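Visitor: Below, each chain spelled out in residue letters.
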Amino acid sequence: MNRILAIAALTWKAAFRYRLIWVLTGLLLVTVVGLPLIIKDDGTARGLTQILLTYTLSFVTTILSFATLWLACATLARDVEDCQMQMVTVKPIARWEVWAGKWLGIMSLNATLLAGAGVAIFALVQWRAAKLPAEQQQILRAEVLTARVGAREPAPNLDVEVENQIKARLAKNPLPAETNLAEVRKQMRDQIKSMNEVIRPGFLRRWSIDLGQAGAVAKGKPLFMRVKFMSSQYSTKPLTYPTFWEIGPPEAPNRLRFVKPLTTATFHEIGLHPSLIDAKGKLTIDCVNPAENRDALVFSLEEGMEVLYAESGFALNFFRALLIILLWLGFFAALGLAAASFMTFPVAAFFSLSMLVIGLGSTMISTVVSEGSYLGGAAGGFAPSVIDKLMLGVFKVLLFLTKLVLDFSPIDALSTGRSITWVMLGQATAQILLVVTGVLAAFGIVVFNRRELATTLARN
Amino acid sequence: MNYDKLYKPGLLALALLMFVVVGLSQRQLNGVRSELKLTRLEPLENAPPALAFVTVALGGFRGLIANVLWMRASDLQQDEKFFEMVQLADWITKLQPHFVTVWVHQAWNMAYNISVKFPESKDRWLWVSRGIELLRDEGMRYNPEEPLLYRELAWFYQHKMGANLDQSHVYYKQMLQREMAKVIGPTRDGWRALLNPQTDEARERAKILHDKLKLDLPRMKQVDETFGPLEWRLPEAHAIYWASFGLEKCIGNRARTNDIITLRRVIYQSMQLAFQRGRLVENKLDKYFEFGPNLEIIPKANFAYEQMMREDATNREHISNGHRNFVLQVIVALYTHNREADAKKWLEYLVVKYPDFVRQKYPNAVKNGLNLDEFVLPGVAEMLDGGRDKTQSLLEGYLKTAFYKLAIDEDDESIALERMARKIWDRYQLKTVAAEAGRVDLPPYQELKRNVLERILDEKSGGSPLLKAQLRTKLGLPAPTNAPPETVKIPLAPRTTNAPPAATNPPPNAPKK
Chain A
1 MNRILAIAAL
11 TWKAAFRYRL
21 IWVLTGLLLV
31 TVVGLPLIIK
41 DDGTARGLTQ
51 ILLTYTLSFV
61 TTILSFATLW
71 LACATLARDV
81 EDCQMQMVTV
91 KPIARWEVWA
101 GKWLGIMSLN
111 ATLLAGAGVA
121 IFALVQWRAA
131 KLPAEQQQIL
141 RAEVLTARVG
151 AREPAPNLDV
161 EVENQIKARL
171 AKNPLPAETN
181 LAEVRKQMRD
191 QIKSMNEVIR
201 PGFLRRWSID
211 LGQAGAVAKG
221 KPLFMRVKFM
231 SSQYSTKPLT
241 YPTFWEIGPP
251 EAPNRLRFVK
261 PLTTATFHEI
271 GLHPSLIDAK
281 GKLTIDCVNP
291 AENRDALVFS
301 LEEGMEVLYA
311 ESGFALNFFR
321 ALLIILLWLG
331 FFAALGLAAA
341 SFMTFPVAAF
351 FSLSMLVIGL
361 GSTMISTVVS
371 EGSYLGGAAG
381 GFAPSVIDKL
391 MLGVFKVLLF
401 LTKLVLDFSP
411 IDALSTGRSI
421 TWVMLGQATA
431 QILLVVTGVL
441 AAFGIVVFNR
451 RELATTLARN
Chain B
1 MNYDKLYKPG
11 LLALALLMFV
21 VVGLSQRQLN
31 GVRSELKLTR
41 LEPLENAPPA
51 LAFVTVALGG
61 FRGLIANVLW
71 MRASDLQQDE
81 KFFEMVQLAD
91 WITKLQPHFV
101 TVWVHQAWNM
111 AYNISVKFPE
121 SKDRWLWVSR
131 GIELLRDEGM
141 RYNPEEPLLY
151 RELAWFYQHK
161 MGANLDQSHV
171 YYKQMLQREM
181 AKVIGPTRDG
191 WRALLNPQTD
201 EARERAKILH
211 DKLKLDLPRM
221 KQVDETFGPL
231 EWRLPEAHAI
241 YWASFGLEKC
251 IGNRARTNDI
261 ITLRRVIYQS
271 MQLAFQRGRL
281 VENKLDKYFE
291 FGPNLEIIPK
301 ANFAYEQMMR
311 EDATNREHIS
321 NGHRNFVLQV
331 IVALYTHNRE
341 ADAKKWLEYL
351 VVKYPDFVRQ
361 KYPNAVKNGL
371 NLDEFVLPGV
381 AEMLDGGRDK
391 TQSLLEGYLK
401 TAFYKLAIDE
411 DDESIALERM
421 ARKIWDRYQL
431 KTVAAEAGRV
441 DLPPYQELKR
451 NVLERILDEK
461 SGGSPLLKAQ
471 LRTKLGLPAP
481 TNAPPETVKI
491 PLAPRTTNAP
501 PAATNPPPNA
511 PKK
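Each protein sequence line maps, in turn, to chains A and B.
Take the first sequence: its letter number 103 is residue 103 in this note's numbering, and every next letter is one higher.
Take the second sequence: its letter number 503 is residue 503 in this note's numbering, and every next letter is one higher.
Hints in this document: simulated from the structure, not taken from any laboratory.
Being a predicted model, the structure only gives us computed values, none of them experimental.
Don't be surprised by glycine CBs; every beta carbon is placed ideally from N, CA and C.
Just to be clear, a hint being listed does not mean it is correct.
What the hints assert, rightly or not - Simulated pairs of lysine to any residue, SDA-like, Cα-Cα distance not exceeding 20 Å:
1. K260/A x F118/B
2. K40/A x V20/B
3. K40/A x E80/B
Claimed, not checked - Listing some non-contacts, in silico: residues in chain A with all C-beta distances to chain B over 12 Å:
4. A9
5. V33
6. Y55
7. V90
8. P92
9. N196
10. P242
11. E251
12. P290
13. L316
14. T344
The shape of chain B in the complex, shown without the other chains (with noise of 0.2 Å):
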């Protein structure tokens, strides 16, 4: 038997015998080399084999690739050559995936520096969507544990797709709400059938929103349940989630106590802004969407508030002059959506809580008891002092936008707006009642009503047909003829009731009479 021939096909066989057995053992050596402290990073997991030979290979030499590639991709920037970013961000950020201030700061740059150098909405959104994803779907795959990424991801749905700084913000909200709504449906809620898919066709969805947008739908729930209810097509329930999410993960870690305050902070200011636009209000007639108050999470954002000033002694001065400023809005807000009663509560909770400030700034609103309507109006007096033109032009705004909001079902929003130019007109003739007729005093309210009725209803003013439609059938008017006009009468109020909602936000603490 000629040995020769084996010897090299048995070298092979032995080195490829020797490479599975150290794939076998190579976990139970992980698992000792952290055991044992023997380094200071732990071992990559969850890498692509691609990535894993590039880290083992290259070792102390990474860095120095990283450099380079580091500097490539700040020549670049500089000269205005993003098209390698993308790239160069996923190298440098694989050379050193434990790295987290690389992921982060990339990400940023991203989805802050490079975004910005653009002055279309779509070129900006394809930058900010990179650098998310690079932190989702990358930076915490190789880094689980580190609250720093769910902070600055949560971070850039707050800021940069909540806030109203980057001009393109309203562009981002419809891109995550459009591709939100591809997955959870046109409601609020409708992430709640995937929870159980029922079919083909929802167990897709389901594996897309875990797959592609990293949202765990059990997590979601929690969420929504400690939190919410909140809009997932809004950018505020993401950065509540990844908050959240990074929360838990500094929960019996002393070193994150500064985490823990900066992942509250994003959780209470994330739901300050869920209050305040963190409902999608529908135009199905014009199809667009507006952003009104999510009534409903009052009480809960009031808690994460309340939370925030027990536990960060060295903000609480800020935190409680915040606070104080989303009481305000929420009693006007709840008052200008026909929830009064809600509204006079939170103002005995603003009265207990920040007494010093109520009977400095609003003193008629607590002489004779609480008065919510001068409590809400106060502004309103200055604006009478303008006279009858300006209160006339003041009130048609009022009327105008009640009709609007009546049009796309926003009923009891309509209802306490005209509400309010009722109280607004009373308070104006009270004032006039001493001048000579028809000098300053306005026209009969139900005239000034009809006026603005029919001049919305008008086909030359322009605006929606479909909304003006819409408008008519509310009210109960017939379809517009090519018969000499008359003047209709006009039912004066919209074919809801002024009963009290059926859900009330009382607050926590609110004191008992």
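Only chain A is shown next, with the shape it has when bound in the complex (with noise of 0.2 Å):
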């Protein structure tokens, strides 16, 4: 282990030879100082914090992933080309103990750097908000500044229930030979979600919201239903509807109840009193559409109803959103750290951005997916080319890799007021720690055993 921390040290070392640490100090710097002084905000409380959040995280993250590519690729080729390596390599220590201890030297680097403007972007966040009123600094820590969860409703299992109502119609009336049952299937299907869906003018629709154990955790914190519906009328804008609720147990006398308008096509937040919340953890919700309405309203078993609440306190999320971060610059010093086993150092640090670069346009990649073509968009999907084949292959391979990788949203989390729970941590550490960068660490540390260091030695 001494040997590995030797050369971590050797690593720092390099980083400040390189000026790189005072560069990226700096750098930092001007980011958690300098970009709140010239993002423009919605002119909310709400809307500046997530903004600060989401702008400073960001660029911190980009700033250290381009750093970390850099100097791994730099510290590993460099050091080859520079014969420093040949040098090292005849000492008592296992290659393999090198290449550790330069991702480790990378990675407590990266640690280091990310605490300070961690930290940094925390106390600036906390700081602005406590200099807002008390109204807006409620607002801002119940939907914000603090760690929510999800609950919905199960959804119905509607294949069994397909299978029931067309076994229930069979037995009634026999279908003639003819008829396509994957068809009637598909339609049946549609009707029941539908009947889950749709509330018609003058009907109430009732989801019984099961929070478990977790009820009695949101009990006394801030709780949020969070609605979004579609209406029965068309509009390319969407429509104002008045809705009614009733929230609370069905036979409490003191069911909340009101009336709101609210807009289709768009997502509300409705700030509910935890103590709707019954003695089983069971929080019930009512919504009529009233009759006057005239349109049906559809709230989607997807999208429709979710009740936030309050998992943990914005503090601890805060970390655990720079831990996957963290995760991420492991990656890319293992990919760096890869490239660099086999690649001179311009070559290596081509391929590792280039890897960035794909990385970050993985919305491209999944549309091709999606689209099921490479070169005619949707429309190319029906036809083919051999090249739409390949590339689709490799495409599908590309979005399954990054995926494992960016399948995580630690910044859109933490501005959104979402929790990053321990479950996502521990997953995310399973698939881009022990998975992904092992990989790329397995594939580097045996290619870099594999390779004749004299070669190099003898072309330079």
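Reconstruct the complex from the two isolated chains, following the hints.
Guide: This is the structure we're talking about:
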């Protein structure tokens, strides 16, 4: 272990020697201090905090990602090119220890810089929040500076319900042999789904959301109902409908009742008192679509109704977000080192930066995969060419790999007050650190181990 | 002497010197660039150093970055995350500061698309203001000669704030009224005092008007004299201001013919709106505003219509229909505001301008000379067919409104409404004169009026006590006591005269008799 730590210390020294530490410290300082001075917000305290968190953390992550890739490539490839590595490897140290030491050195550097930037951002956000009026502070702490998780009603098992209904109907009236059962199933599925989603004028829909053990946790903390609905009326812009709500245990005399005009195709968050949760941790929500509306309201099963409650505090959530960012940096360090294990510095830097750009373009990759065509967009999916088929395969693999790493959105979660749970963090650790970084590290170490360092010497 | 030590500082000094020289020659170079048509776009002016640097340093990559930012904005909007929109719009527009439609799109997106996502008016207003600010404070700064920006800004005032298509339009008007009242004061022409401010406080307000609201006082004066008098606390005045500003930018430019038409359209449509409800009627007692017609603007609004009909041959018929409806509204408005003489003159104008329409639609009004009552009250005849109860209810409505208008010092309108009530009563009585007494006839007019007033003044009836007290004062009635009620004698007419109003609104081409 001492040998690995010694290499890590050498990496720190190299970072100082390259003046990387000073440059990065300066850049991070400019980001944390300067960025809030120039960004334009939407005029609300909530918006300001959200944009502050998003932009400072995004800039810090971007700067550290590029620096990590550059340093990882430089520290190994340059050492080889400058014949430093040849001097090191003749010492009693295994090559895997050199590789691991460099990774550890970069990561400890990243951890230090990230912690410094993180503390500064956290302090900045808290300081700005403390300067707001009490009412604004309350909103901020309930909606942004918190860690909320969402609970939904369990989705009905549509397949089972469809089969049950088909069996029941077939028992009553057998269908002709030529009936397209797949089509019947599809129609029935749509019908059952719409029964769960649509509230006709003058009708009521009840959601019973089991918060389980979390119900007890949620008591005494801010609670929010997050709703989104569409209407049966076609419109190119959101329409406003009055909606009538009754919330709380159905038999309770003190149910919360209110009328609220809400717009379609928009998420609305409505604050609720936690005492509305019943003794078993259930929250019952009734929504009436008043008969005067004349249009049906559609609350989709996926995002129609969600109850948000605070799972933990902002500080802990912020810490977990930083940990995920650190995991990303660990992946970049491994990528850079793996590339530098067998490439020269310029090639390794170009390659790893290209990988980063591909990662940043994951939206485009997922669009290609979802449209089923690389060349012709959605239309090309009907008659894909050979290139299409080939590229589609490549893109599917790329999407799978980028998803393994980028399937987590710590910054987005922080700015919207969503919790990054321990489970999520564990999943990120397993996917990013153990699987992807592990594979890259194994590859890098094997390649570096087998590399003829003397040939580089001969070339130089 | 060690020259090596001076080498690097020398280079630095040389670099600095070159920067200074380049800075000094930049203006001249830019002049030559546009003179020789070496660039399609004019060099960026009025830009802050950061923007000037970005536009030069990024060169052709600006478009690429703008695209990425645009895609992010689209994605975020789809996910309903709006908090970054102001910043992204700022960056996107600054990366392509001469791309006018980008400014227009971003501003429109905020004012129209994002605002309507919020059910609360105050949230909506935030986004409408952001859209206005982007165009007015930024877009026009970098593209001061682009009529499209002026047209769009004028449209925001006319359509988004002025029209009633957005459920929060009243709130927008209130916000604008408050914002303007802070600067120009509580009266319509308060801004005139700022033309030559005498106190520090007035100078400060003039500065806000200029720096924050970007309203130029001499231009306001010019617009007000050309199109007004306008109520600058209402959106129509601003629509007219920005549209007329845009028109100025089109002068002498043939390529801008279409812009001229759209800008003029904004002006005449806004003037119509300004006529319909371009006057703030303050209920000082209960501290709120209502909107009333701005009768003084009628001749100029009419002129704007006529000008538009002359110049826009393609849409002449549409505009002509709009103009006809405008004149119809003018006649009714003048009639209901106790300006019968003016109303009659405008009726004469209507007959000359649209003779077939009047003969077809209002035959009784022109059968034996011009009959204003037949013109304004034809719908009443149909209402009278509804019988005694409906007529009584209609009359009570007129009288109630007349008393309300009297209480808020809208005396002319009060007198006119009362007179209309009286005419309706007379007509009904004439119609039912043959019926047996007491079956379908109305109560005596004075009794009807007294009942309405007693109901209004009744303390149990609800309504504003301040308004009731004011009504008592205007009618010369004593304050209420705890003594048992007695039937008081109520003066039957408000204490104002029926003399014709001082200001008249003759139509421009009224036929002479």
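Visitor: Now tell me if each hint is right for this structure.
Guide: Outcome of the hint check:
Proposed proximity of K260/A and F118/B is supported: the alpha carbons are some 12 Å apart, at most 20 Å. Under the criterion of a C-alpha separation no larger than 20 Å, the hint pairing K40/A with V20/B is inconsistent with the structure, at around 32 Å. Pair hint K40/A plus E80/B holds up; C-alpha atoms about 18 Å apart against a cutoff of 20 Å. At roughly 33 Å, the least C-beta separation between A9/A and chain B is larger than 12 Å, which holds for a residue marked as non-interface.
Against the 12 Å criterion, V33/A stays outside the reach of chain B, whose nearest CB is about 16 Å from its own CB. Distance check on Y55/A: its Cβ comes as close as 8 Å (rounded) to a Cβ of chain B, failing to clear the 12 Å threshold; non-interface status is violated. Look at V90/A: its CB is around 40 Å from the nearest CB on chain B, clear of 12 Å, so calling it non-interface holds up. Under the 12 Å C-beta cut-off, the non-interface status given to P92/A relative to chain B holds; the minimum distance is some 45 Å.
In this structure N196/A is separated from chain B by more than 12 Å, as the shortest Cβ-Cβ distance comes to about 23 Å. P242/A, annotated as away from the interface, has a beta carbon of chain B within 12 Å; the closest lies near 10 Å. Separation of E251/A from chain B is adequate, the least Cβ-Cβ distance of about 31 Å exceeding the 12 Å criterion. Its beta-carbon lying about 15 Å from the closest one in chain B, P290/A satisfies the requirement of being farther than 12 Å from that chain.
Listed as outside the interface, L316/A is consistent with that label: its C-beta sits roughly 23 Å from the nearest C-beta of chain B, beyond the 12 Å cut-off. Taking the minimum C-beta to C-beta distance to chain B, about 27 Å, the non-interface status of T344/A holds against the 12 Å cut.
The structure is inconsistent with the numbered hints 2, 6 and 10, although it conforms to all the rest.
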